[in-house]
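Next come the chains, spelled out residue by residue.
2 protein chains.
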Amino acid sequence: MILSALLTSVGINLGLCFLFFALYSILRKQPGNIKVYSPRLFGERKTQQEDDFNLERLLPSPGWVKRAWQPSEDELLSITGLDAAVFMRMFIFCLRVFTFASIIGIFVLLPINFLGNQLTDGFSNLPTKSLDSFSISNVDDGSNRLWIHFCAAYIFTGVVCYLLYYEYNYISLKRTAYFYSSKPQPHQFTILVRGIPTSSESSLSQVVENFFTEYHPSTYLSHAVVRQTSKIRSLMNDAGKLYRRLGHLKSTNSQQRFKRDGFLGLFGRKVDLVDHYEKKLEDIEDNVRLEQSSLAGEEVPAAFVSFKSRFGAAIALHIQQGINPTEWVTEKAPEPKDVYWPFFSASFIKRWIFKIAVVVAYIALTILFLIPVVLVQGLTHLDQLETWLPFLKGVLSLTFISDLITGYLPSLILLLFLSVVPPIMVVFSSIQGYISHSQIEKSACIKLLWFTVWNIFFANVLSGSALSMVNIFLEPKKIPSLLGEAVPAQASFFIAYVVTSGWTSLSSELFRLIPLLYSFMRSLFAGKDGVDDFEIPSIRYHSEIPRVLFFELLGVTYFFLAPLILPFLLVYYCLGYIIYRNQFLNVYAPKFETGGKFWPIVHDSTIFSLVLMHIIAIGIFGLKKLPLASGLIIPLPVLTLIFNEYCRKRFLPIFKAYPTECLIKKDRGDQNDPTMTEFLEKLPTAYQDPALMPVQYSRSDDGRSSPLLGAAEV
Amino acid sequence: MILSALLTSVGINLGLCFLFFALYSILRKQPGNIKVYSPRLFGERKTQQEDDFNLERLLPSPGWVKRAWQPSEDELLSITGLDAAVFMRMFIFCLRVFTFASIIGIFVLLPINFLGNQLTDGFSNLPTKSLDSFSISNVDDGSNRLWIHFCAAYIFTGVVCYLLYYEYNYISLKRTAYFYSSKPQPHQFTILVRGIPTSSESSLSQVVENFFTEYHPSTYLSHAVVRQTSKIRSLMNDAGKLYRRLGHLKSTNSQQRFKRDGFLGLFGRKVDLVDHYEKKLEDIEDNVRLEQSSLAGEEVPAAFVSFKSRFGAAIALHIQQGINPTEWVTEKAPEPKDVYWPFFSASFIKRWIFKIAVVVAYIALTILFLIPVVLVQGLTHLDQLETWLPFLKGVLSLTFISDLITGYLPSLILLLFLSVVPPIMVVFSSIQGYISHSQIEKSACIKLLWFTVWNIFFANVLSGSALSMVNIFLEPKKIPSLLGEAVPAQASFFIAYVVTSGWTSLSSELFRLIPLLYSFMRSLFAGKDGVDDFEIPSIRYHSEIPRVLFFELLGVTYFFLAPLILPFLLVYYCLGYIIYRNQFLNVYAPKFETGGKFWPIVHDSTIFSLVLMHIIAIGIFGLKKLPLASGLIIPLPVLTLIFNEYCRKRFLPIFKAYPTECLIKKDRGDQNDPTMTEFLEKLPTAYQDPALMPVQYSRSDDGRSSPLLGAAEV
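As they're listed, the protein sequences go chains A and B. Mapping to UniProt numbering: the first sequence position 369 is 369, numbers consecutive. Mapping to UniProt numbering: the second sequence position 126 is 126, numbers consecutive.
Any given hint could be a false lead.
For identical chains, the list gives no copy identity; a pair is met inside one copy or between any two copies.
[What the hints assert, rightly or not] Under the rule of at most 25 Å between Cα atoms (straight-line distance), these lysine-lysine pairs were calculated in the PhoX-like manner:
#: 1; residue 1: Lys-350; residue 2: Lys-649
#: 2; residue 1: Lys-279; residue 2: Lys-666
#: 3; residue 1: Lys-477; residue 2: Lys-308
#: 4; residue 1: Lys-241; residue 2: Lys-279
#: 5; residue 1: Lys-666; residue 2: Lys-597
#: 6; residue 1: Lys-337; residue 2: Lys-231
#: 7; residue 1: Lys-597; residue 2: Lys-682
#: 8; residue 1: Lys-174; residue 2: Lys-478
#: 9; residue 1: Lys-231; residue 2: Lys-597
#: 10; residue 1: Lys-250; residue 2: Lys-29
#: 11; residue 1: Lys-308; residue 2: Lys-682
#: 12; residue 1: Lys-174; residue 2: Lys-250
Note that these hints are calculated values from the structure, not bench results. Bear in mind that the values here come from a model prediction, so they are computed numbers and not experimental data.
Next comes chain A alone, as it looks inside the complex (with noise of 0.2 Å):
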């Protein structure tokens, strides 16, 4: 790619986030689109729906910016929960790493690439030079000058670290903080026990009631087994449309309601289609309760078992329980509303085969994928694509439209494939046999995270079949020169995708397209009347971390091989970090609170991306005939792997579970608290399955109070 198909692609992008956020601040002045915009504020009834009409209200403005700016972390903290305060520390900790490297990127790096002449094109003509030139292949081989990238890998690694260091001391701190200052919540006082073994004697629930009485008398309060509920959850799903249908034909004009029960509705009597409905929905709620009172005999071998006290719950939670481990399985209890009910899966065997399956499935899920990256990487290769589509020819000898092709299509592309994954990856999860949402976006976010440095990196890096990728893992002695060679080959690539995909992601992100269309539909079709189905979203974070941390590998790896990203990706993080405050305090509200446990991935994925930077190195220093830094280097990734280990055994089990230090100041704390006994009594029932909870639709006096609804959607 040329520096003027680059600039291109700036151009449109840098239009197109303008215009985005000038029709944003416009759009989210709008009455009518308040449950776009501020879903947050509008569910927390903070806000006012004004409907007087003035002239500021057409303008573009700044504002939201200034709003989103003011917020102290603690203050954000206080509003958005620790999960979100910690994905904004992740772009803090970007922002922090890309201004020390674009300080030394663009200041010392990128003269030096320029002014190698190893592909001789000289000064002549800025536009049409190969974007090559600014990046290190351009550097003569065997120069003295590469031993500044030298330096320059050796002081960015150890930067790196130090704000790896920091910040995973930093959140650590934050998530002790947030839990001491956390109120009594149930999942505090609750494990989840899987594995009970049947007695042909007593019902499960018996089972567990001895075993926690006989093994755990002081401090055992109540349990709750679970049941298998998929029959009643899909009865529900059924009451639940047709209650929606029974809303929306009574606010319909009296003409629709009346319907002719015989064939195709054109003869017999005529009936009230109301009264016809209310009746069915009867039926199925008097069959759900039938099936909620009968349900005894299928209880799953799994119960939510609750202590008196915080402390009381670790030891059952830390301790192996019964003498078999498979028998007596103890998990941390999510918060009741983060439970994932649909899935307890019997029996530990049954569990361990779909996570293996999972495994399977994922493997091959990432390798098929692998054919639509290959043809969009075509795109790049406009004379490869000459070849192949040869009545292209004509079109594509336009500059402008070349332009566009190899700067912006194939990003796009590459774009509307992924967004099919993430939610590929929630379901993979799901099946694994997570119990929570939560762990299920964070196993999804892991899997994608992977998902997305294989098939965007490594299969554009590599650019061959999905096969010979697979091969070069068998060899490993040749990946550092593989790399070397194939990486900075496609810088170009990737600077264009930080631009569209990385700036286009976040303008998207800030105009939210599809629920301000669907919200547009309703209003147009459905009236005003939409109250009952209005949910306040909460961000995806399977989906959104590993983009953001798909561009941070990507910058971490060209930062010295071509600096040139650095700006852009700074540009992407700036905008990231307002953007993503602005829609914390205005749209998202949190599903559920994890204190911030999706840092170790951002950790994880930091220390990988500065592991296959020295990789790329070796491989580097070797190509351009520097053997001496090639071995040099080895020890930087050892050192870096040596450091994440120590991080590992410092901060990681403060992610995993409260220590007794904690646990017994918390419980202590709870001692004097007058709230305490209160709290305890509706302990027993807080982990309830929403499908065994009582069903009200019909006969419910206006409709609003629907308390299935929560249920049905799960």
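Since chain A is already given, all that's left is putting chain B on it; use the hints.
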């Protein structure tokens, strides 16, 4: 190697074995050797020295075999402890595996191999027939008979996995039963806490006291801070030496007791050496006492913390204590006599760096050790040896000599080299920071096992220089075909290795040559007073287990390649079973009791052997032009690894810690035990560094109660 060379080797070794056995059965009956051959019984005063001479004493008799055979497993368990019982289970397991393997190997695979024509030398002249004609190399390429080998691999793997599961289950049940039947022991109630945060205001002891009374008020009992005692230890060592010399002087005649105190003991006045030494000893003892009392400042940030119940100790053990995971690090306390006092390295970081250093040193040793191995390897290739050392040509042309050299010498030299390694591994493991002898032995055992596999199996098979061996692992794709080619070629070497190294090691184990010589020298020079330094030996698991497991690896990998190895292995395991039973009953006393924690090593090593066998099978079927079989083997290692993963989940936790169920049952059982109060009173003093115990050498009445000796030899 040809058949006659193998038979020579078998003949020599069989003769040697029977010679050793006969000598053993005579020597063990001599009263003077009772401390060599029945030190355990002697130590427990279970045997009386009969000095009356009779003829029966001079005749070899097989009575010891019967006596070793007789005790049932439960009797053996009660006499020798669980570790020894588990060690014997290893033999039973191997016997079962190789009985099955021999039936298939000898009656099915061997005839098929022998009937092949690949190596085309027909039936003529059996003695000069190469051993290769009994191996899979002799089967014709692409022959359908190879499918029988294929089936054998599947069936064998299935049987071994079943046996593995059975044993793991059996031993885990034994382990639980052993725990239930054990008396209250200090280490069940105690944990070791490391990384105690230092405070400028209060002493370490106070910090520990405060922390545990704060967070474990109901279960905390007492603690003992570990102290820096290396100085005292060396002083006590000196005292011990002096004391022994004194004892020696006192027992000899009075002529040697006097010596002039001037130049070279020739001039000056005569002094009583006994007086002189006693004065010196008193000085040292005063010094020791001074050091002991002034030690308050040299506390190490580690402490043994005891609790009132086993469950209380488990709670503190399993839950992270402090907010900083590198502080208040808990681990299980070893038995008091099992503690390895000298090395309580100070900080978390320091231990951690030592660990890395040990890994590096271990890798270096493993690689450097290749040099002698490669030299030994040369001996099996006589032609190569002749080109190197031409003057040997005359000697080597004698068939007997050349048979001896190819069949016997190489493995003997290897054996000598290998005998140096176990102590080095123990040193490595003790530097690594383990705090008990049992952990050090376990770690050394694992180290030695991989060392053996690498340096004997891989080095011999691949017979290349260190560098080319490392290269193999950088090209994993070629591994199967490389192994498939190289492993069968070394069959004859390993058959000879089993016969020489295996059988020899067993008879030398029984014969105890070095203790015998030592005892002989003592009785020759020192008279009969040696009671004070008599110590019952303990088996060195770290050198015995890897040896036994290595033969298992040979058996498993060569099972379908060269089934001729199997009968020799069967003989090895039969002899081993009887000999080690005899040794456990008569010679060894357990130094510690891990409760069968060595078994997981056996399990893992067997799984490794199976997978290695599968990889070789993939290679060999490929080489034998049966690619379909080669491909169809691939699921086998995958299934084996999944099976292993299941076993890890199902059984391994039981070997790491006891579950709540066991702990609480045991604690409740103790509540009615009247001796418990006494036990708990003694508990605070159970973990005291022997170096800090009161010194009582000089002026002790009979000189036989020597509390220092144990400490001085630690």
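Quick rundown of the hints versus the structure:
no. : hint              : result
1   : Lys-350 / Lys-649 : between (32 Å within a copy, 14 Å between copies)
2   : Lys-279 / Lys-666 : neither (52 Å within a copy, 62 Å between copies)
3   : Lys-477 / Lys-308 : neither (57 Å within a copy, 57 Å between copies)
4   : Lys-241 / Lys-279 : within (14 Å within a copy, 100 Å between copies)
5   : Lys-666 / Lys-597 : within (20 Å within a copy, 38 Å between copies)
6   : Lys-337 / Lys-231 : within (21 Å within a copy, 61 Å between copies)
7   : Lys-597 / Lys-682 : neither (27 Å within a copy, 45 Å between copies)
8   : Lys-174 / Lys-478 : neither (43 Å within a copy, 50 Å between copies)
9   : Lys-231 / Lys-597 : neither (34 Å within a copy, 47 Å between copies)
10  : Lys-250 / Lys-29  : neither (32 Å within a copy, 106 Å between copies)
11  : Lys-308 / Lys-682 : within (12 Å within a copy, 34 Å between copies)
12  : Lys-174 / Lys-250 : neither (51 Å within a copy, 71 Å between copies)
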